[in-house]
Amino acid sequence: MSNDSLSQLLNKAKHFRRDLGNKVHEDIVESIYDDAARIAKRAVDIDNKSISMGLDRAIDRVVTSRLYGFPLMMLLLTLVFWLTISGANVPSSMLATLFLDIIYPGLKSLSESLNISWWLDGLLIDGVYLAVGWVISVMLPPMAIFFPLFTLLEDLGYLPRIAFNLDNMFRKTGAHGKQALSMAMGWGCNAAGVISTRIIDSPRERLIAIITNNFSLCNGRWPTQILVATVFIGGLVPAHFAGVVSAMSVVAIAVLGILLTFLVSWALSRSILRGESSVFNMELPPYRMPHVWQTVYTSIIDRTLPVLWRAILWAVPAGALIWLTSNINIDNISFAEHVILLLDPFGFVIGLNGVILLAYILAIPANEIIVPTILMLTVLSSGIERIGLGAGVMFELDSLDVTLKVFEAGGWTLLTAVNLMLFSLIHNPCSTTIHTIYKETGSVKWTLVSTFLPLLMGFVITFLVAQVWRIIVN
Amino acid sequence: MNIDQNLLQPDKCVTCPSHNSIELMRLGVDMQDWDYVVGLAGNPNTGKSTIFNSLTGLRQHTGNWPGKTVSRMEGGYEYESTRYKVVDLPGAYSLLSTSIDEEIARNFILFGRPDVTVVVVDATRLERNLNLALQILEITDRAVLCLNLMDEANKHGIVIDERCLARDLGIPVVPTVARNQEGLPYLIQTIGDVASGKIKCNPYRSNKKIGEMSVIVKQLTEKLESIYPDLPNHRWLALRLLDGDSDIISALSEGKLQSLANSVK
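Protein chains in written order, with our numbering: chain A, 1 to 474; chain B, 1 to 265.
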């Protein structure tokens, strides 16, 4: 093949193209449409007596109506979280009892009888084993309820309706309507959400969707939200309202995420990613009755267990690291405490504390282990070690009261809880997502923007909330 | 369910469970070597991934919304001692547009040269789905039209004359309800027959489409044939050049046409 003949060919095509203009494209498209219509008409016969389209349309009129669409969405989400929160309590405490009351002492006495040295025993059992046990008992039950419920909604055909409801607002912010779909994917996993932005064909709008995907609470962060909401917010109201109120506060955070998505999309498309939003047609698929048990089974196998497995993989080194940093002393206090003390002043300014900030540094690879890490570090630094089992030990928390006591001993207030929920929504993406953003954009610049923009926003927002809160409370 | 049972089950043996359990071996991702490559193409949300899962025994995520699959997924199965590699592609409305998911589908159909392309269409939206099917038929000689979601079509009173459709398109048409595994044995059989050449396709090609441009198209096509004798679809490429398809142009000028097929995964 000679390059000459190729460039000759390309030039020729260019030349013809100039003469013919848009006509070629129109002719091609038109003739395809004509043929398709003709062939379909010959083969298809519609029996007009049948009118079962009616039900789908009737449902859609309500689900996508201007008046009921959004409230209905909030109601459905609240229902999903309420089922998750109230359903997960009992199995969570049963798992905690199994891992921490039954297996843990067994392991301890086994290692004693084998004469394993104290540091190896501590590192493996008090560090790694307890971290893993904690992650499983905190995460497995809610994830085993949440994912099947969410997948059922998805298989039913509800997700495109959410997208349909939000489409208009996304376009008003200057983003692409399909961003509603990648946002919904982000509720499962931000890395998956970032990949799913491939359905958006304009690079400008796709970047907006990628940068803002982090404002979709992902499965690594739902457990944090659910636990903090259950312990603090649910604790503010009478017991029989606790479940609903906690669920509503989680929904409030999720909705705040949606609002921030709009806000940031709007700001981006009016500053560094300026441009018109493109128009597209979204088709609403028919409602399809999901195969319930098959969906439950596959969503547990495909979503719950991989998420749990990832959390366990990260809990192993994190558990070991936490145990080590809490047991290596410098000037009579542990290394972890040095860091916490260092971070504390900054933490205070933004209504958090050094423990939470250190936990977020340790949890960059996986947001899933935030809560176990915070609890462990809190016990360590607040001098209530005797509740647990000593320095660097993740302890039994099968009752929410004990969790609350630990938090309170660590100097937590309602402000800390609210700001933790806010910060969990608004901070840098996890390392997997950052890596995915780099792979999808191929750009260091946009990866950095996607990483640090939410982190900065998180600092600013928690700072403002803390200042206002303190003025009001005092 | 009033699908013509004869069409769904052309041969009692093919649908007999014992026959299938012996003959169909789902190979999952175990694709060391294969005899034929089968591409699954179609509009978004027509059930490609559901068919993919049934064929390979894998559990590629499926969801009731367009845009669920954005990258390509490979798996395999063995039927009558022939090994098939199946490639599940993202949904696309057209081979003319440019979002990345549609590009992945397009590049594979164009340059990945599957032995059989199964075009999965939504039986309730046949006309619009045929737009893509016709474009695919422009660039491949071996295709099967899988008329999926037949249960919904029936529910809505849509009756499709499969034989008329098959005659007009020049390729075999297989009605299925993939969610309930209906029609899949026949699909597997048909894929095999097309791959082995037992069924000869004579795909529909529009001749009027180029109309007054026919001389120009012919010139470009001949030119392309002489430069790239190995490529299967010169006429289509010529039309893409005339349309100013920047991907195709840059692929040609950078000499990457062959590797495009495997580039984006």
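A hint or two may mislead.
[Unchecked claim] Per the computed footprint, the stretches of chain A lying under chain B, defined by three or more beta-carbons under 8 Å from a beta-carbon of chain B, are:
#, segment
1, 13 to 27
2, 191 to 203
3, 339 to 346
[Stated by the list, open to error] A few chain B residues that don't get close to chain A, going by computed Cβ distances all over 10 Å:
#, residue
4, 83
5, 90
6, 159
7, 202
8, 204
9, 233
10, 243
Note that these hints are calculated values from the structure, not bench results. Just so it is clear, CB atoms sit at the ideal spot from N, CA and C, and this is done for glycine as well.
Against chain A, does residue 204 of chain B keep a CB gap of more than 10 Å to every residue? violated, 7 Å
Do three or more residues from the segment 191 to 203 of chain A put their C-beta atoms closer than 8 Å to C-beta atoms of chain B? With 6 residues close enough to chain B, the hint holds.
Beyond 10 Å from chain A, beta-carbon-wise, is residue 90 of chain B? violated, 8 Å
Against chain A, does residue 159 of chain B hold up as non-interface, every C-beta pair farther apart than 10 Å? The assertion about residue 159 of chain B is violated, with a minimum of 4 Å to chain A.
Minimum Cβ separation between residue 243 of chain B and chain A greater than 10 Å? The claim breaks: residue 243 of chain B does not keep its Cβ more than 10 Å from every Cβ of chain A (closest is about 5 Å).
Taking the minimum C-beta separation from residue 83 of chain B to chain A, is that value above 10 Å? Non-interface label on residue 83 of chain B holds, nearest chain A Cβ at 26 Å vs cutoff 10 Å.
If we take the beta carbon of residue 233 of chain B, is the closest beta carbon in chain A still more than 10 Å away? holds, 14 Å
Measuring Cβ to Cβ, find out whether residue 202 of chain B lies farther than 10 Å from everything in chain A. holds, 14 Å
Cβ contact check, 8 Å cutoff: the segment 13 to 27 of chain A against chain B, three residues minimum: It holds, with 7 qualifying residues against the three required.
Cβ contact check, 8 Å cutoff: the segment 339 to 346 of chain A against chain B, three residues minimum: That given contact is violated, which follows from only 0 residues of the segment 339 to 346 of chain A lying within Cβ reach (below 8 Å) of chain B.
Hints 3, 5, 6, 8, 10 from the earlier list are contradicted by this structure; the remaining hints agree with it.
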